Each structure stands twice: as C-alpha cells, then as structure tokens.
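Participant: The lines below spell out each chain.
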Amino acid sequence: DQQVKQNSPSLSVQEGRISILNCDYTNSMFDYFLWYKKYPAEGPTFLISISSIKDKNEDGRFTVFLNKSAKHLSLHIVPSQPGDSAVYFCAAIMNYGQNFVFGPGTRLSVLP
Amino acid sequence: KAGVTQTPRYLIKTRGQQVTLSCSPISGHRSVSWYQQTPGQGLQFLFEYFSETQRNKGNFPGRFSGRQFSNSRSEMNVSTLELGDSALYLCASSLTGGVDEQFFGPGTRLTVL
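Going line by line, the protein sequences match chains A and B. Numbering-wise (the numbering used here), the first sequence opens with residue 1 and increments by one. Numbering-wise (the numbering used here), the second sequence opens with residue 1001 and increments by one.
Pulled out of the complex, with its shape left as it was, chain A reads as follows:
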C-alpha cells in the first residue's frame, strides 16, 4: 500500500507555462516533505522541501504548497524550461527521521 502517491505518471507542458506536479500521502504522521528531480542515468537531486508547519515554500522558479488537511502537496515550476524535463519524485519523512518514503514519480516533459 503506497503511502506516497503521485497519480500522474507523466505530464507535458509548453515552455514558459506553469508545471504543476501533485503528490498525495496517506499517513498524517509525515512531517517533512521533499521534491527530487531525476535525469536518466543520474541519481535524484534535491529540489525543495517543506515542513509540515508551513503551507508554502519558495525557491526561485520552484514553489511547494502543502495542504495538510487534504494530505496533498504540489510542486509548481514557473516558468517551465526544457531543462526541467525529468522525473520528479515526492518524498515524505516521519518524525524528521531517516526513512524517506518516495512516490512513484512523475515524468515531466517541457516542450519547446
């Protein structure tokens, strides 16, 4: 039973537009969430994170929103660039521990 879900396996967006990647979780004990980006043949790289005490965190073109009541978070990329084309993983941690639970990933394609 997946505790972290990314229901869209893929997403295509035009360059310059907004990309919105969604993530849902089932365990209300998760208290820290992260987004990773992964290119083929490379390990994931950390993008942005958010603590459960916040509802928004912004870093340049990347913003993560957290809706605790809905157990939902989203990653917004504005504006989207072709170099953003990658697989994006949502991850959650419980009790600020070390067991990262990852979602299955969403493949983002930004079309020029």
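In short, the hints are calculated from the structure, not lab data. Check before you lean on any hint, since a few could be wrong.
Far from chain B by the CB rule (all over 12 Å, computed), these chain A residues [stated by the list, open to error]:
hint : residue
1    : S12
2    : G16
3    : R17
4    : I18
5    : N22
6    : S28
7    : L34
8    : G60
9    : F62
10   : F65
11   : A70
12   : K71
13   : D84
14   : S85
15   : V101
Incomplete in silico selection of chain B near chain A, CB under 10 Å [stated by the list, open to error]:
hint : residue
16   : G1003
17   : G1042
18   : G1084
19   : E1101
20   : R1109
Here are the simulated lysine-lysine pairs, DSS-like style, with alpha carbons at most 30 Å apart [what the hints assert, rightly or not]:
hint : chain 1 : residue 1 : chain 2 : residue 2
21   : A       : K5        : A       : K56
22   : A       : K54       : A       : K5
23   : B       : K1013     : A       : K54
24   : A       : K71       : A       : K56
25   : A       : K5        : B       : K1057
26   : B       : K1057     : A       : K68
27   : A       : K68       : A       : K54
28   : B       : K1057     : A       : K71
29   : A       : K71       : A       : K5
30   : A       : K54       : A       : K71
31   : B       : K1057     : B       : K1013
Since we're looking at a predicted model, the values are computed, not measured. Ideal placement from N, C-alpha and C gives every residue a C-beta, glycine not left out.
Place chain B on chain A using the hints.
Facilitator: For chain B alone, coordinates are given in the frame of chain A:
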C-alpha cells in the same frame, strides 16, 4: 568536492548468486542510505547507516544487508538473487541524516538473469 560514487555502475548476475555493491559518500558525510528503484515501485528505502550502525531499515527481506566502515563507505549485499531484484540501486549520503539534504550517487544497475 567529489560527489557520491557507486561501484560498479552495471552488474549482471544469475539467480541464486550474491552481489555486493559499494558506495563512497561525500567527504564528511556520516549518513549513508540505500534505495532500490524499479519501474513499478519507484524509489524504495532499503536501510540507512550512521557511524557504522544501521539506524533505520525499510521493508525488505533479510537477503538484503549492508554495512558501513569507519571511513563512512558503505556496502550493500544481496544474497540468493531473484529475478525481481533487477533494479537500479541508489546510495545517498548526508551529513547526519534526518532532514539533512541527501546527495545521491549515479546508482548501480543490477540485472539478474
């Protein structure tokens, strides 16, 4: 600063064999975590080592084991390989674990025939 390195990058084994994968963390990082990535299951946490001790463990059978050395380098061992063990195995290091930023290696692609 050198990144996380994993060796070998590619490995082909047959069912029943055992395999050892190696991970060298970023210098100064004491936490090393291992993950299995498969198309169907995504990234799944295997275990985390800190100061030569396994600190956390995911939901994998006992055939999957690991260790960490005093220089923080870590090895992962899989015994009695099964076809379903074919996956990309990723290692990640961080300073102390927890919410510290994790840096991933490029992974070892294991194919079990």
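Participant: For A:S28, which was marked as not at the interface, is the minimum beta-carbon distance to chain B over 12 Å?
Facilitator: holds (18 Å)
Participant: Is A:K71 close enough to A:K5, meaning Cα to Cα at most 30 Å?
Facilitator: holds (11 Å)
Participant: The hint names B:G1084 as touching chain A; please verify it with the least Cβ-Cβ distance against 10 Å.
Facilitator: violated (17 Å)
Participant: Taking only the CA atoms, is the gap from A:K71 to A:K56 under or equal to 30 Å?
Facilitator: Roughly 14 Å between the alpha carbons, so the hint for A:K71 and A:K56 holds.
Participant: Per the stated criterion, does the least C-beta distance between A:A70 and chain B lie above 12 Å, as a non-interface residue requires?
Facilitator: holds (22 Å)
Participant: Report holds if the minimum CB distance from A:R17 to chain B is greater than 12 Å, and violated otherwise.
Facilitator: A:R17 is indeed farther than 12 Å from all Cβ atoms of chain B, at 26 Å.
Participant: For the hint on B:R1109, does the least C-beta distance to chain A fall short of 10 Å?
Facilitator: Given a least distance of 9 Å, the restraint on B:R1109 holds.
Participant: For A:V101, is the shortest CB-to-CB distance to chain B above 12 Å, so the non-interface label stands?
Facilitator: The claim breaks: A:V101 does not keep its Cβ more than 12 Å from every Cβ of chain B (closest is about 7 Å).
Participant: With d taken as the least Cβ-Cβ distance between A:D84 and chain B, does d exceed 12 Å?
Facilitator: It holds; A:D84 is separated from chain B by about 18 Å at its closest Cβ, greater than 12 Å.
Participant: Are all C-beta atoms of chain B more than 12 Å from that of A:G16?
Facilitator: holds (29 Å)
Participant: Given the hinted pair A:K54 and A:K5, is their alpha-carbon gap at most 30 Å?
Facilitator: holds (20 Å)
Participant: Confirm or reject the statement that A:N22 sits farther than 12 Å, beta carbon to beta carbon, from all of chain B.
Facilitator: holds (15 Å)
The structure is inconsistent with the numbered hints 7, 15, 18, 23, although it conforms to all the rest.
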